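With chain D held as given, fit chain V onto it using these hints.
Chain residues, written in single-letter form:
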Amino acid sequence: MSWQTIAKKDFQDSVRSRTLWGIIGAFILLIFLLAYLATDGNIDSTAGFISVIGGAFLFGILLFVPLTGLFISIKSIVRERESGTINLLLSLPHSRRDMVIGKFVGRSVVMSISVVAGFLPACLLILVQAEVAPVFELFAFLLATVFLGLLFVGIGVGFSALVSSETQATISGVLLFFLLYLWPAIFNLLDIDLPAFLDRFYLFALFFDMLAAIFSLREDIPNASIVELDGTNFAEASAASAPIHMQHWFAFVILGALIAVPLALGYIRFDSADL
Amino acid sequence: MNVQSRVSYSHQYHEQPEPALAVPVEIPTCWLFLAERLILRYIYEPLEPHPMAAIELNGLSKQYGNLTAVQNLDLRIPEGEIFGFLGPNGAGKSTTINIILDFIKPTAGTATVLGMNCQNQGKELRERIGVLPEGYDVYDRLTGRQHLEFAIESKNATNDPQRLLERVGIANAADRKAGGYSKGMAQRLTLAMALVGDPDLLILDEPTTGLDPNGARQIREIIREENRNGTTVFFSSHILGQVEAVCDRVGILREGQLVADDSIEGLRDNVPGGESLVVEGAGFTDSVVASIRALEGVESVDERQPGELLSISINSAASKTAVLSEIEDAGATVSDFSTEEASLEDLFAAYTTAGGAQA
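Sequences listed follow chains D and V, in order.
According to my numbering, the residues represented by the first sequence are 1 to 275, in order.
According to my numbering, the residues represented by the second sequence are 1 to 359, in order.
Next up, chain V with everything else stripped away, as it sits in the complex:
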C-alpha cells in the first residue's frame, strides 16, 4: 500500500487538469471533456484508486420497528489505525459490525470497507478482512485444526494451521473437537481463523470476552503485532481499560449514536468533571456541603464519609483555593486534601450515561 504515490498523483492531477493533446485539427471541447472522463474512468481510476478508508460509514441507521439500534452513524477509519469502538452493552456496537459484515441490512446509509460496499461486495471484501464476530459458536464436531483448514481453504491462503494455533496459544488442543473447548479457547481459535490469509483489516467484536487478564494481554499483543505489519484493527469493547492500552483512537457509541471520536487524551480534555478534590477534616455538615455546591465550577459533591471525607467534582472554572477557603469559612476544618484525576470508568460513564458529556 503506497499511500504516498496516490497522494502525489491526485496532487498532480488537480494542478494540470488539461489533457496534453497536440492535434492540429480543432476538436470540440465537449469531446475533450468526454475523452478526459473516459481516460479517468477506465485507465487512471482502476490503477490508482482514491486513498481509501479501511472503514467508512455514512449516515448508517438500523431500525427494528420502533427501536433504533443505530442512528445516522458517520465514521471514517483510515488505513493503518487501531480503532477502539466503545459503548455499553446494547449501544449498537454489534449491530454496526453486523451491518459491516452483511449479517443484517441497514435501514438507511452505506457502509464501505476497503473501498467496497458491504451490502453488494460482501464476498469480495471478506477475502481481505479477518473477523472475530460476536455471538458466534464453533463447530462442535470439528477439531481446532479442521476449523483452520476450513478458513485457509475458504480464503485460498497458505497458512500453516499449527503455527496459527501456536500463535494464539492452543496448539496442544489442535486435534481435539472444538465442542470441548472452553469459552476462552474458542475465542482464541476464532482469533486464529481471523488471522488467516494476512488480512488488511481485522474486525474484532469484544475479542477479550471470556479471557483471563493474561489472555486479554496476549490478544492485545497480537493486535499490536498485526498493526505493525500494516493491518488496520477495528475492535469493540464495553470496557475502556481494554482499549486504552492499544488504541490510537476511540469512538464511543451511546444509544446508537456516536458521542465521541477522539484519542484517549482528547476524551479526557473534553470531559467536564475531569478532576476531583478530595477533602478530609471535620464538621462537614449539610449546610457546609450546600455552600460548596453553590460555588462556581463545582459539579457534584460526594460524601464518602459523612462529615469527614468529601469528594468534590470540579471543572476548569473552579478554583481549588476558593473551595478550600469556603469550607473553612463555613465553619468546618480541613486536615488534609488531595486531587484525583477522573478514572477511566468515570470518563466512560460521563460519555455513556444520559446527561453526560457531548464531545
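Bound-form chain D, shown alone:
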C-alpha cells in the first residue's frame, strides 16, 4: 500500500525534528507542574478526581494539543513543495491522494505519541497520589486528548495541501489556532444564537462529549451531548433520550467530518495544482 509507505517514511522523518522534541519536553514539564499543583491535596472521589484532572488537562488541551498538532501538520505538504522533496516523492509510484493520506496517518502517529509522552508523567503523578487509582478515567482523558490531537492534524494537513506557500501555511496555522477556540466567543459577541447542534462543534464540547462517550462504557451516564446538559454535572442530567445527533457518541461523527472535510478540500485543490 502506497500511503503506508509514505506514512512510514514521514514518521521516520518527522520524529527526528528537534523542534518537535523541544515542544514536547516543555509541555511535559508544564503539565507535570500543573498536575503537581492540582493534586496537592487529597483525591478521594471520582468526581473530585475529574475536576482536579480536568484542571491539569485543561491547559494541555488548550495549548499543547493545538500547538503541537498544527506545528507538525500545517507545513507537512507545502514544505515538501517549497523545498522540492515532493519531486522525489512523486517521482515514485505514489499518487497525490496517497501523499495526503500518508501524511495524515504518519503525522497522526507522531501526534498520538506526543500526547501520550506529554501527559504520561503527569498521569503517573496523579496515580501515585490518588487513593483510588483512577486508571480508566485517566485512560479516557488520554484517549479523548489523542482524538482531539488528530482533529488538529487533519485540519493542518488539509490546509497544508490547500495553500501554496509556507508563508500562507504559517498564517493559516496562526488563524486556525485562535479561530478554532474563539469562534463561539465571536458569535457571542455578535449576539448570534447558534442552534444547539452547532454548539457541539465547539472543541471543548467535542472533547467532553468524546470523554462522556468513553466514560459511558463503564458508567451509567445520560446519553446526551454536554450542550444539552446543565454544565458538566452528569448526575443531574435528565434521563430523557436525546435525538441521535445530540447523543454524546455522535461527537465521533463530528470529529470524523471535521477531519475529512479539510483533508478532502485540500486534496482536491492539491490534486489539480502545478507543483
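Everything labelled a hint here was simulated from the structure, so no lab data went into it.
Just so you know, nobody snuck in bad clues.
Pairs of lysine-lysine, DSSO-like flavour, derived with a Cα cap of 27 angstroms:
hint: 1; chain 1: D; residue 1: K8; chain 2: V; residue 2: K183
hint: 2; chain 1: D; residue 1: K8; chain 2: V; residue 2: K123
hint: 3; chain 1: D; residue 1: K8; chain 2: V; residue 2: K177
hint: 4; chain 1: V; residue 1: K123; chain 2: V; residue 2: K105
Note that the structure is predicted; figures quoted are calculated from it, not measured.
Only chain V this time, still in chain D's reference frame:
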C-alpha cells in the same frame, strides 16, 4: 520486450483481415465485423499491444498566462534509445519533463509514456520508470540508506540499498543524514533511487549538475550500462558536450519549440556556417574585410586580431580559393590559412539563438 514478434503479428493481421469462420449458416457481415472488433479489442490487443514508444508527445503545450513555456511539441522516442534533450536554461525542457511526470498539467496535447497516459495513469507508469527530477531536495533528516529503502518499498522492488549506493559511489555515506550531503552526493543518491526496480525508462533532468568532470563521466557510464540492459534513457542538459558522448539522438528545444531532432552528425550537416576559414597575414583593412563579406557563401567575418588574423565563417556555397584570391586581389597578403570545423558550442548556439538554423 520482443519487438520482433509484435511486428510480425501486425504484419500477418494486415494481410489476412478476414476471420476464418466456417459456419454453414449465413451470418450478416455486420455481425462478423462486430465479432472481429470484439476479438481484436479484448483478446489480441491486451496480449499484443502496438509496438510502443518509450515517450510520445503530441501537440504538447503549456501556457502560463501570456508566457508560453512549451509550444505544440511533438516527439517520439522509441524503446531502447538514448535521447538527449537539449536547450538553454528556460527553453522548456523541465516543463516538458514535469508534464511527463504529472507535476504540472498541460494546457493542450497529450503525453504518453510506455503506452500509458501521463495525466491519468501516472502512478501506474511511474512503477516502470526511474526519475532524477529537477529542483528536487533530499530529506534532510533521513539517511542515504533510508532514502533507498523508501524508494525500494515504494516500487515493491528487491534491490540491495548498499549495492546501489556502491554503484553511484556514495556507499561510505550510507548511514549519514542526507541533509549533510554535498550537491553532488545528493545527485548521486537521487540517481541511485532512480535505478531502483530496474526501470524500463530513465528520465534524468540535468543529471550532471553539481558533479565534477569525473562524476559526470561516471553518470554517463551508468547511463550506458543501463541502456545495454535494454533501458531507454531520456536526459536533458544545457551543455551539448554532456550529451554528445552518449546520445543516439538529440532534440534541441528553443523557446518551447523543438528546433532540431537528429543525430549529432545530422545536426552538423544541417547547420550553415559549419566551417570557418582562418587566415593569417597582413593588411586586412576594413575595405578588405568588406569585400570578403560580399562574397558568395561567406556568412560572417570575425576579426580575431584586427589587420592580422581573420576567421571567416563559410557555408557549402563558398569556395575557399575564391576567398583567398579575393583577399590578395584586395591588396592584403596571406601568410598562412587553415580551416576549422564548428565547435559543439557554435553548433548549439546556431540552433538556440534567434535567427539560427532551422532543421
